[in-house]
Amino acid sequence: MWRRYGDAFYTLLTLAVFGFETIALGALSLSFLLGKATGIASTPVEGILLGVVISTASALALLGLYLLSYHFVSNLRDRWQAEHLDKWTEWWIGLALTGPGEPAGHAPDRRPLPRVAVDSVLSLLEAVKGEEGDRLKEALAGHGVDRWFLRRARAGHLTARLDAIEGLGKARLPHALDPLLGLFHHARPVVRRMAARAAAGTLAIMAPEPGPDGPHARFIDAIKQADLQPGVVQESLLLLETRAGPILRELLADPELSDSLRWVALETIGRLGLADMAELAAASGTHPDPELRAATFRCLRRLGSVPEAAQAPLLGAVDDEVDFVRVQAAHAAAFVEPEAALAALEPRLEDSSWWVRRAAAASMARLGELGVASVRRAAESHPEKAAREMAVQILLEADVLTPAAARLATGVA
Amino acid sequence: MLPTPRLTDARILVVDDERVNVVLLERILEQDGYRNVKSLTDPSEVVGLYDQFEPDLVLLDLHMPKLDGFAVMQQLESRISRDTFLPILILTADIRPEIKRRALSAGAKDFVTKPFDRTEVLLRIQNLLETRFLHLRVRHDTVPEGQAT
Amino acid sequence: MWRTLLNGYQYVLLIYFSSLNVLYALFSCIGLRAIVVVFAREFSQGSLRDLLERDVYKPVSILVPAHNEEVSIVGSVQSLLALQFPEFEIVVVSDGSEDETMARLIEAFALAEQPWATRQDLPSAHVRRTFRSLTHPNLIVVDKERGGKADSLNAGLNMARYPLFAAVDADSMLDGEAILRASRLFVEDETLVGVGGTIRPLNAAVVSEGRVAEARIPKKWLERFQILEYARAFFTGRAGWSHFKSLLIISGAFGLFRRTAVLEAGGFRVGTVAEDMELVVRLHKHFLKAGKPYNIRFTPDPICWSEVPSDLGTLRRQRNRWHRGLWETLWLHKDMLFNPRYRRLGLVAVPYFWIFEALAPVVEISGYLLVGVGIFAGFLSPRFAILFVVLAVLYGMLASQLAAGIETFLSNRYPRLRDRAVLFLAAFLEFVGYRQFLAFERTVATVQVPFKRGQWGKMHRKGIRGSTQPPDAADPAEQEATPAGV
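Residue numbers (the working numbering), protein chains in the order written: chain S, 1 to 413; chain C, 1001 to 1149; chain A, 2001 to 2486.
Be aware that one or more of the hints could be misleading.
Derived, one-sided and incomplete: chain S residues facing chain C with beta-carbon distance under 7 Å [to be verified]:
| no. | residue |
| --- | --- |
| 1 | Ile-93 |
| 2 | Ala-127 |
| 3 | Lys-129 |
| 4 | Gly-273 |
| 5 | Leu-274 |
| 6 | Asp-276 |
Calculated lysine-lysine pairs in the BS3-like style (CA-CA distance at most 27 Å, straight line) [to be verified]:
| no. | chain 1 | residue 1 | chain 2 | residue 2 |
| --- | --- | --- | --- | --- |
| 7 | C | Lys-1109 | S | Lys-87 |
| 8 | C | Lys-1100 | S | Lys-129 |
| 9 | C | Lys-1114 | S | Lys-137 |
| 10 | S | Lys-224 | A | Lys-2219 |
| 11 | C | Lys-1114 | S | Lys-129 |
| 12 | S | Lys-87 | C | Lys-1114 |
| 13 | C | Lys-1100 | C | Lys-1038 |
| 14 | S | Lys-129 | C | Lys-1109 |
Calculated from the structure, these hints are not laboratory results.
Here the structure is a predicted model, which means the values were calculated and not measured.
Ideal Cβ placement from N, Cα and C applies to all residues, glycine included.
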């Protein structure tokens, strides 16, 4: 979408042009004011004005020329890159499938690789792992690419740094993990964000090493101490793929875990569908912070299961004082034993919050025949109009009622 | 009785919008002896090619612009006759469990996440092809003699 | 006496011109550098797909207010339904349409009328009927009595059930990944309340299957000039302001907002012609007054294509409306002007908009008049006057050139050399008539503001809280929909 070359120079060029113009305008204004104030003839001012006009016109011509030539250059370059990308891809694949030394490659050993080659091998690393992946990583290391990335990630111009971090994220090199973790403390949020994602991606393919000094532990420490938005932490945890489970367990096992991280952990468990962690998650169902209670029930709902021990607190929470907790508890109640659930949900059909009414009705409809029958009853004869309306709405969405029947039920023409 | 074809004669169709992935799979298959491999980076061409090529196996990516893997499976389903067994192997970076479930119930016969292990993929392909050829043989054998074309 | 006055005004003009251009230059460079370059790195294609494949998104309600849009409504909705986004709903609000809008929608999408248990978070004109599509369960259509665009958006908000909403024009065409790119910013930044994307003229673009396949330069110069204008406005103007966290405008053609934040601020204001800008200014005000951390951003990424006027009459009316809207909004919130309570906005952004945006056309026209008068009256040497005008024009071209330049880095826009050359030429020609014409129209608009206020008198009450959510609460709409597979 965005070409990554030539834009830095263009920025510099425009900066220079506008800087110059600013100075020129300043000079012009000053001389004009001086001229008018002291009654000096307008000729010197005109001279400056002419100068500024000429310089502006030249700047215009310069920029225009740059852009037009960029067009040609970029067309050529794009074509060149496409060709070379193909060639490099074939070479890398050959290397990966048969081992080094075999294919008649065109890359001498120690010379730094062109960007195209690096991009190509990074794309391949996203597709293949195992022996072939390892061979590619060795090749990368052999050409010093990893060192090149690490150098730029640690100390480089912002855009170079971001490029390098992205590259490390794709390459997933185990020895890059610690440098990336170090970047979690960088001043710029964008660097921290990208480092978090890259670190998670790298950790995802590393073998689990237990112990307080293992990569998991270091990652957890870094996450706890870094100033990262919850959304970013969540992204990173999701990028951990199969390694997420043990890390989440450790996080939740820490009694001093910050509320924000606990919230993230609960969200992640739900999104990753880690059903074996349902009990661990459910423990937060009685947390003093309503956001965490809500997150717990949301998690259980996503997992589709509520452990025995958590059922009573859940049903109790359907009556929580905070409305959004009631909503999530009501949603999760669909996975509890039907009779108890219905007993807790029915009163919620006349809740003051639209969202709670909806969640209650929706969950009731999911509790099998018993539940649907309850909703039907409510649609027909509940004393509260809002409850009847919501019941009809839910039945419509569940295709139990046709639109015509719904209109009839609510008396709409 | 139909002579058992060699697995490596099988016609395999690779569909992925990333050129790199396509080339990778082609080379992997080539190295393992498969000679009849066709590939596409534009999923909208799949149905057209299917009629011409009649693949024995389709390697399909899920997330593609314009037309995703699910849409392709739907299109193929309406194309192939009910008693044809067309194995579709999904190769995707999407690790979400519900996507896997959805794909497997939408017509995919197997599911592999990227990055994949070469040996594993080849073994799965082999298994699917064996099943396919077995199916073809059984179908051929159960067609009454006089009606065999 | 006259002479002194005119001299004095010359000073004013020169200072004005210089300051304007210096500020413009500053913003251009900052915009280019800070947002565009960094942003492009962070959101490369690959990382976007990664995150999509891991469920990192928030569901979105797309609100489409429509009044007499029978010609394009079905196409627009189809295009929206084809968006690449895992979970979203479309709420079309027909604002008292008297043509075939409703009929065409009902037919095209198998709409079934049904009663709807709605919330009344915001007041709106009476909703006559609500429909759900039988073929596309995420499409809802509301037939409402006429109340205006803002009113329709409020009605849409009452129906919306997701934590984020997008306000889209009925004739906008969104890029396939527009919503994806915009919504992920909300996941990463909890304090984000609004995001504006880039609007590009749709004219002459090659459209296939409801998506823009390739952008082309239209044949009419009028449309070509608008391409440059939009590029300038977005890539340099808004990008710069966004960097300073003082973005005052998110285009009504495409903006993504956090539902609870907008409800807190009172929804859209009825009775103003620029409800999009007015909302953003009010959001700033609301959160600054409340002292809560918040963020409103522009990103160059999410793209929305919109048809721009191709004839002078429509263009005039549009620009007239925009300029009046600008004045209305600024006047409505005049308490922000130079008010330190609103920090950067009050001290920099709002004054800038008063002086260099709202008043700019008046100053420009007066400049031309002055030059004419000056030459006639003989106290301004023709040479000086002409040089000055030439400088002004050249400087404007420079700005245009910068914007056209940014286009070239977007590799899939206007790829043909011919198109690039035309844009290059347009950067020059724009200042030989087009700009002046618009400046004149906007000056006229300025004069008309007190007379053409529409429902200026009837102001929408702020702080409507019919909803049941306590402030600072998690949005109960989070995860409203069931997870896939359940």
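Hints versus structure:
Hint status for S/Ile-93: holds, given a least beta-carbon distance of 5 Å to chain C, under 7 Å. Evaluation of the S/Ala-127 hint against chain C yields a held restraint, the C-beta minimum of about 5 Å falling below 7 Å. Hint status for S/Lys-129: holds, given a least beta-carbon distance of 4 Å to chain C, under 7 Å. Interface hint at S/Gly-273: satisfied, since its Cβ lies 5 Å from the closest Cβ of chain C, which is below the 7 Å cut-off.
Hint status for S/Leu-274: violated, given a least beta-carbon distance of 9 Å to chain C, over 7 Å. Against a cut-off of 7 Å between C-beta atoms, the interface hint on S/Asp-276 is violated, since the closest Cβ of chain C lies about 13 Å away. Restraint check for C/Lys-1109 and S/Lys-87: not satisfied, since their Cα atoms lie roughly 34 Å apart, outside the 27 Å limit. Taken as a hint, the C/Lys-1100 and S/Lys-129 pair is honoured in the structure, with Cα atoms around 20 Å apart against an allowance of 27 Å.
Taking the CA atoms of C/Lys-1114 and S/Lys-137, the gap is near 16 Å; set against the 27 Å cutoff, the hint holds. Pair hint S/Lys-224 plus A/Lys-2219 does not hold up; C-alpha atoms about 58 Å apart against a cutoff of 27 Å. Taken as a hint, the C/Lys-1114 and S/Lys-129 pair is honoured in the structure, with Cα atoms around 8 Å apart against an allowance of 27 Å. Among the hinted pairs, S/Lys-87 with C/Lys-1114 is consistent with the structure: their alpha-carbon atoms are about 23 Å apart, no more than 27 Å.
In summary, the hint linking C/Lys-1100 to C/Lys-1038 is supported, as the alpha carbons are separated by about 25 Å, within the 27 Å threshold. With a CA separation close to 22 Å, the supplied pair S/Lys-129 and C/Lys-1109 stays within the 27 Å bound.
Taken one by one, the earlier hints fail for this structure at numbers 5, 6, 7 and 10, listed in ascending order.
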